[in-house]
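Let's have the full structure, built from the sequences with the hints guiding it.
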Amino acid sequence: MIDPRMKRSSLPEIGEFGGNNVAEAAPGMMTAEGSQCSSASPCVPKLLSASTAWGQAFPPNEMGVTMGHWHLNTRDVAANKKIFLAMGAAEVTGGNFQAVRFPGVLINLQLAPGTPPPTGGTVGSIVNHVGFTVQNVQESVARWKAAGVPVLPGTNGRKDQAFVVTPDELRIEILEDKNQKFPIQHHHIHFFVPEAAIPQIQAWYAKTFGAKAGTRGQNQADDLPGANLTFSKADGPTVTTQGRVLDHIGFDVKNLEAFCKKLEAAGIKLDRPYTKNAQGVGLAFIHDPWGTYIEINERPNAVYIQTTSGE
728 MIDPRMKRSS
738 LPEIGEFGGN
748 NVAEAAPGMM
758 TAEGSQCSSA
768 SPCVPKLLSA
778 STAWGQAFPP
788 NEMGVTMGHW
798 HLNTRDVAAN
808 KKIFLAMGAA
818 EVTGGNFQAV
828 RFPGVLINLQ
838 LAPGTPPPTG
848 GTVGSIVNHV
858 GFTVQNVQES
868 VARWKAAGVP
878 VLPGTNGRKD
888 QAFVVTPDEL
898 RIEILEDKNQ
908 KFPIQHHHIH
918 FFVPEAAIPQ
928 IQAWYAKTFG
938 AKAGTRGQNQ
948 ADDLPGANLT
958 FSKADGPTVT
968 TQGRVLDHIG
978 FDVKNLEAFC
988 KKLEAAGIKL
998 DRPYTKNAQG
1008 VGLAFIHDPW
1018 GTYIEINERP
1028 NAVYIQTTSG
1038 E
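Under the numbering used here, the final residue of the sequence shown carries the number 1038; numbering is consecutive throughout.
No lab work stands behind these hints, which were simulated from the structure alone.
Don't take each hint at face value.
[To be verified] Computed cross-link-like contacts, DSBU-like style, restricted to lysine-lysine with a CA-CA straight-line distance of at most 35 Å:
1. 908 x 872
2. 808 x 939
3. 809 x 905
4. 988 x 960
5. 905 x 960
6. 934 x 988
7. 960 x 908
8. 809 x 872
9. 934 x 981
10. 960 x 981
11. 981 x 908
12. 981 x 1003
13. 934 x 989
Please read these numbers as outputs of a predicted model, since none were measured by experiment.
Written out as structure tokens, the structure reads:
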């Protein structure tokens, strides 16, 4: 079973960002309310209520964890930004990195100046691909193709599935949920590991981040607010995400300093110890035992989307 909160994800200020500014939506993108933007009538995503919360997160789970961000190492930031805006992202301004956000995830588009280019795409790394859900795959695909988004068809002719593959070979699966609130929202991170490791990685994310173990289709999975973590058998060797186009994934955590102490007590090495940046955002880095590079953050004054019927 998938946590019902995960199916309504949308997220706060993230990654190394301290700001919460969202730029005017690009012509042709969809707002959180589902209305179409145009050059004559541009749209500005709002951050004031759950129904319009492009910049809010799901409430964290019992361990204080919710989905945070992807941090990409893209060669052409402008080209990748154009793709994401055409897919319905809101542009974020005022942070340390160029970024966009969708309900459920913020995407930092580049690493620090001087970082070497990515060593490869997502396929071949432990995170084979990431995923969004949309209300109607075929309608979304038609709109995206018209805007120049590189879209591949679903597997075996499936009409409720598609794939977007960016110029840097970030692979994004698109699935359909006709009942979701937002036109597009973050859905999953798909890990490929040796078959014998599937129970181990499922247990590790459950223990470390409080994820709820379950299944997604035929795959073992864990649910966090804002993301399904899906685990499949790898057909061959995989490498760490660090240095690839998806350099690391991020989770937001409440009381991060105490959380980091618990990680260390459990024998998990902090690749970067707990610290705060200039905006007051707490951060630390770890690797999971299979090579996923993970940033964990604590955001001051985080605002979460309401999940009650009174929202």
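| task | List in ascending order the numbers of the hints, as given earlier, that are violated by the structure. | result | none
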